[in-house]
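Novice: The chain contents come next:
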Amino acid sequence: MSVRHALLALLSEGPKYGLQLREEFEARTGEVWPLNGGQVYTTLQRLERDGLVESDGNGEEGPQKGFRISAEGEQELTRWLRTPPDLSSPPRDELVMKVLVALYVPGADVHAVIQAHRRYVVELMQQWTRIKEYGAGSDLSMSLAIDAELFRLDSVVRWLDAAEARVTRAATEGATAWADQASPGNQTRSPLSRHRRETRVRR
Amino acid sequence: MSMLELRRVSKSYGQGTAEVHALREVSLTADEGEMVAVMGPSGSGKSTLLTIAGTLEEPTSGEVLIAGQPVSRLSRNAKARLRRRTIGYIFQDFNLLPGLTAAENVTLPLELDGLSARKARVPALRGLERLGLRERAAHYPDQLSGGERQRVAIARAMAGDRRLLLADEPSGALDSANAQAVMRLLLDACKEGGMTAVVVTHDAQLASWADRVVFLRDGLVTDQTAAAPGPESFLTSERNQ
Chain A
3 MSVRHALLAL LSEGPKYGLQ LREEFEARTG EVWPLNGGQV YTTLQRLERD
53 GLVESDGNGE EGPQKGFRIS AEGEQELTRW LRTPPDLSSP PRDELVMKVL
103 VALYVPGADV HAVIQAHRRY VVELMQQWTR IKEYGAGSDL SMSLAIDAEL
153 FRLDSVVRWL DAAEARVTRA ATEGATAWAD QASPGNQTRS PLSRHRRETR
203 VRR
Chain B
3 MSMLELRRVS KSYGQGTAEV HALREVSLTA DEGEMVAVMG PSGSGKSTLL
53 TIAGTLEEPT SGEVLIAGQP VSRLSRNAKA RLRRRTIGYI FQDFNLLPGL
103 TAAENVTLPL ELDGLSARKA RVPALRGLER LGLRERAAHY PDQLSGGERQ
153 RVAIARAMAG DRRLLLADEP SGALDSANAQ AVMRLLLDAC KEGGMTAVVV
203 THDAQLASWA DRVVFLRDGL VTDQTAAAPG PESFLTSERN Q
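Just so you know, the sequences run in chain order A and B. Taking our numbering, the leading residue of the first sequence gets 3, the next gets one more, and so forth. Taking our numbering, the leading residue of the second sequence gets 3, the next gets one more, and so forth.
Please note: incorrect hints may appear among the correct ones.
[To be verified] Each pair of labels, with its calculated beta carbon distance range:
#1 B:LEU102 / A:ARG94: 51 to 61 Å
#2 B:LEU114 / A:THR174: 41 to 51 Å
#3 B:VAL22 / A:LEU102: 27 to 37 Å
#4 B:GLY18 / A:GLY109: 27 to 37 Å
#5 B:GLY149 / A:GLY139: 17 to 27 Å
#6 B:LEU102 / A:ARG81: 57 to 67 Å
#7 A:LEU142 / B:ASP163: 35 to 45 Å
#8 B:GLN71 / A:ARG94: 48 to 58 Å
#9 B:GLY149 / A:PRO93: 32 to 42 Å
[Said to hold, decoys possible] Per the computed footprint, the stretches of chain B lying under chain A, defined by three or more beta-carbons under 8 Å from a beta-carbon of chain A, are:
#10 207 to 213
#11 217 to 229
Bear in mind the hints are in silico, worked out from the structure with no lab data behind them. What you are looking at is a predicted structure, and each value in this text was computed from that prediction instead of being measured. Quick reminder that beta carbons are idealized off the backbone N, C-alpha and C, glycines included.
Take these sequences, add in the hints, and give me the full structure.
Specialist: In structure tokens, the structure reads:
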């Protein structure tokens, strides 16, 4: 979450004080991203330095100083809202790594590893669903933020389900966990390693 | 108290090399007021578990207890009465009768249980009203949306003094918002109505509504989640996290 742009968004509604900005930030982001006061004030200073906000100038630095968005700030906000974040490279996912590693660790039960992760993720989802149902009330921002988390966790469970089905199918078909190691000297690269090589080259 | 208890229930079909073990020594309890979700891939035995819990099928071995009563010791008539009065079934495809209105679909099980159509109409309309369908009572299933049809099916499953709801992928045919609404209704039935619900689903978002999620794989219960915290903990902590 860009604190910088969230503050610009709050100021696009009209001039506000530092303390007010901090409180509104927490309320609007569903309290999912807590901030410390210092972070708000230093970000405001940088926004002012960059010409994206203007202060009333006569107040001291701190909660009572007033700010308003500049014309440049408004342009920057519009540009930021419409720019998709960079999702092109898959994140390093620890859970995925653990399942992949379990495939070739002798004695590791992949199904048990998958189930341990699945139970944990479903427990988290139960907690979020309860918070949404009993705690969010009519708080739209909070409900949306929790929905996003539930969809993210749901995709993890779906991947675990698909992984389990694939592992089970591979076991009956006699596939090996690590094709390159299973056949040393084999010059043919796997599609995955080819894809990795190609994307490295392209970058 | 346990409303439903499965004790080492097994179910197999076929014999010899063709024998298929749908359930293997499954033990499961669902208490009064509790909502339990059963998650597992297709072929894991979820639906078999539900039909056995609903006394629609008998286990090959093991025992099913409903409200503390061992089902195997009940006469045929007593079992039929249990199905009519205590257990409500909810299916993915709603199973409403197309020639009957929403209200008539809900009164049907009450009439089968000996209530006159006139007397059955009162609790049926109350049930429809509780699910926000009072205005749709005279509509036929094909005049209702998918979400409304499933709500009629839930009203039918809850009609009378049912205490155990068994739902097989109850929101499988619905969009996300309607699916969530169905789960909310089932949870309310448990928390406010004191009913017990067992919901079979492969969808983690829907399962996450349950107090407890039981995982089934190859006919075995492999795991279950810890009980979810109750609403009190969220209302008192006032989102302080």
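Novice: All hints, please: hold or fail.
Specialist: Verification of the hints:
Under the hint 51 to 61 Å, the C-beta atoms of LEU102 of chain B and ARG94 of chain A, about 57 Å apart, fit the expected range. For LEU114 of chain B and THR174 of chain A, the Cβ-Cβ distance of about 47 Å falls inside the hinted range of 41 to 51 Å, so the restraint holds. Separated by about 32 Å at the C-beta atoms, VAL22 of chain B and LEU102 of chain A satisfy the suggested range of 27 to 37 Å. Between GLY18 of chain B and GLY109 of chain A the beta carbon distance is about 34 Å. The supplied range of 27 to 37 Å therefore holds.
Between GLY149 of chain B and GLY139 of chain A the Cβ separation comes to about 23 Å, which falls inside the hinted range of 17 to 27 Å. Separated by about 58 Å at the C-beta atoms, LEU102 of chain B and ARG81 of chain A satisfy the suggested range of 57 to 67 Å. Between LEU142 of chain A and ASP163 of chain B the Cβ separation comes to about 39 Å, which falls inside the hinted range of 35 to 45 Å. The beta-carbon spacing between GLN71 of chain B and ARG94 of chain A, approximately 54 Å, falls within the hinted interval of 48 to 58 Å.
At roughly 36 Å, the beta-carbon separation of GLY149 of chain B and PRO93 of chain A lies within the given 32 to 42 Å, and the hint holds. Check on the stretch 207 to 213 of chain B: 5 of its residues sit with their Cβ under 8 Å from a Cβ of chain A, so the three-residue criterion for coverage holds. Beta-carbon proximity to chain A at under 8 Å applies to 7 residues in the stretch 217 to 229 of chain B; the threshold of 3 is reached and the given coverage holds.
In terms of the numbered hints stated before, the structure departs from none.
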